[in-house]
Amino acid sequence: MTGYLIAEEGPLAGMTIAFDEEKESKEWSLGRDPDSADVTLEDPMVSRQHAIIRLTPEGYIFENLSTVNPATQNGMVIAEPILLKEGDILQIGSTFFHFTEKAPEAAEPFPELPEEMPSAAAETEGEEEKAELPSELHFGPSPDSRWLLKVISGPNAGAEFAMRKNSSYILGKDPNVCDVVFQDLSVSREHAKISIDAEENASVEDMGSRNGIIVNGELISDPQLLASQDLVALGTTTFLIIDRHEARETIIAAIPPAAQPTPPQATPEEEAVAVKAKKEKKDWKDTVIPKRHLMIAGVLTGVIFTSVFAMFTLFKSEEVLITVIDESEKIKEAIDKFPGVKFSFNQPSGKLFLIGHVLTSVEHQELTYLLQQMPFVKKVEDTVIVDELVWQNMNSLLSGYPAWIGVSVYAPAPGRFVLRGYLETQEEADLLSDYVHLNFEYLDLLETQVVVEEILRAEIQSMLLSQGFSAVNFELGNGEVILAGQIEGKRKSSFDRLVSAIDTLGGVRMTKNLVVVTHADMSRVDLSEQYAVTGYSKSDDKDYFVVINGRIVGTGDMLDGMKITAIMPKVVKLEREGLLYKIDFNVQ
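Numbering-wise (my numbering), the sequence shown opens with residue 85 and increments by one.
Be a bit skeptical, because a hint or two may be false.
[As the list claims (entries may be wrong)] Each computed DSSO-like pair below joins lysine-lysine, with the alpha-carbon atoms no more than 27 Å apart:
hint : residue 1 : residue 2
1    : Lys-657   : Lys-647
2    : Lys-574   : Lys-657
3    : Lys-186   : Lys-169
4    : Lys-277   : Lys-110
5    : Lys-657   : Lys-576
6    : Lys-234   : Lys-110
7    : Lys-416   : Lys-462
8    : Lys-435   : Lys-421
9    : Lys-647   : Lys-576
10   : Lys-666   : Lys-576
11   : Lys-654   : Lys-622
12   : Lys-234   : Lys-107
13   : Lys-574   : Lys-463
14   : Lys-234   : Lys-169
15   : Lys-414   : Lys-426
16   : Lys-462   : Lys-277
17   : Lys-462   : Lys-574
18   : Lys-426   : Lys-416
19   : Lys-622   : Lys-596
20   : Lys-421   : Lys-463
21   : Lys-596   : Lys-574
22   : Lys-249   : Lys-234
23   : Lys-435   : Lys-416
None of these hints come from the bench; they were simulated from the model.
Start from the sequences, fold in the hints, and give me the full structure.
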């Protein structure tokens with residue numbers, strides 16, 4: 085199946101886009117850029133790549149790509165890909181398209197001429213029928229209205245509007261306010277006013293429209309009198325002002341008396357024949373009207389009645405309701421999505437003052453676009469700061485110093501800046517603080533979260549020593565802590581609590597625990613090669629004494645700074661500063 089988009093209103097009116105199912109990719113991109121779009125739409129309100137249409141087994145899928153001026157389906161903004169249906173109205177930029185899967189119909193051929201020309205008798209009969217029809221038929225405006233407005237181009241081409249004296253008519257596209265409504269996007273809500281005074285003089289004036297009024301090719305700024313056949317343009321709609329009385333005037337030149345012919349005098353015989361014929365003339369009541377004439381008269385009477393009824397229905401007078409618009413409230417609704425922006429509006433001058441912050445340039449463009457759509461805003465004093473440009477400029481300055489390569493500025497919310505990163509020493513942190521105070525404009529909005537690793541490293545070392553884990557080593561870099569070493573199984577829960585406390589320290593992004601949990605015997609350092617046990621003895625099967633390197637020692641004695649904690653068959657256990665040792669022996 086082949087789908088079509090037919091432009092009905094807007095700058096591209098009349099354009100037809102066909103999506104041929106024989107295309108290999110089954111995908112068409114629409115946009116303003118001819119280099120990246122399959123279908124080019126020459127409309128300034130269309131993005132470079134505005135939308136994509138795909139042909140799927142379900143039908144044609146429409147996906148919107150523009151965030152600044154999104155496309156709509158039947159008046160609703162398209163946020164997700166949608167399945168197009170027959171008759172959908174799509175707005176892309178300033179143009180309204182009609183979607184259909186039916187091929188556009190070709191123009192109707194001209195009617196063929198009859199093969200046989202009518203005879204003279206038939207012509208005579210036709211002239212007799214015309215003679216019996218009414219001499220003048222009134223279609224459209226009622227005959228008591230002198231002035232007529234006739235649209236000759238634009239979406240309402242062909243429409244006619246009657247205007248009576250002592251009346252004023254508002255022209256525009258707002259049906260709630262205007263007397264004459266044009267369905268034209270280039271026409272303002274209240275574009276112009278046409279007035280007919282008591283002497284039936286017509287004049288036109290501008291109602292503050294954006295595109296102005298052009299009369300006979302010239303843009304007017306003040307109210308101007310109109311004459312019959314004047315050509316008036318409002319945007320892309322053009323109409324004629326017609327004086328119906330002037331159009332019907334006919335100048336008849338009287339024939340001078342000397343030039344008038346003298347009628348011939350009738351003879352007495354001719355007068356007698358005429359009198360006889362007059363007496364024998366039939367009464368009009370006895371005249372038989374042909375049925376064909378009666379049928380034609382009935383049809384014409386119905387047409388006249390229907391036209392008059394339709395005209396009065398169209399131009400029935402109703403009370404005009406004037407809607408008061410709270411302009412400040414409209415502006416507030418538009419900028420509610422920008423919490424960092426504040427405004428002040430001067431209603432008499434139409435001047436709008438903006439202050440505050442937005443996060444990105446795209447948000448600033450969207451804010452500007454929304455305000456440009458408000459006709460009552462004449463001028464905008466824009467002092468809004470784009471935070472994205474501020475922190476990008478500061479980061480560019482910081483990147484010139486190798487010692488600060490790990491430090492950057494960003495904006496988590498409008499009007500709030502954060503300086504974060506890692507420095508090796510306190511001296512580097514002091515130099516950075518001085519540099520930022522000299523080069524950053526918004527110090528009152530800046531929060532410093534720079535971590536000095538020299539201080540953080542000392543804090544972690546102190547925690548390990550205070551908890552008795554001096555045998556555990558660690559490394560620190562860019563906020564990442566790596567713990568390594570061995571601990572006894574009975575102290576695992578205490579060490580896990582210590583790791584959690586380290587993870588919550590300011591500046592620690594991640595903690596990697598590579599410490600191995602071992603049993604006491606597994607973690608002891610074997611000193612068997614350094615110390616030789618040459619004898620042992622026991623007392624009451626409990627107390628052991630051993631001879632180590634020729635010295636007799638027992639439980640609790642010191643051996644080269646190590647305390648003997650236990651003497652067991654074939655092993656002596658020792659401890660010094662949290663480290664465990666053992667000496668294996670096998671004395672026969």
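Exercise for the section: Sort out which numbered hints this structure fails and list those numbers smallest first. Expected result: Numbers 4, 6, 12, 13, 14, 17 and 19, in rising order.
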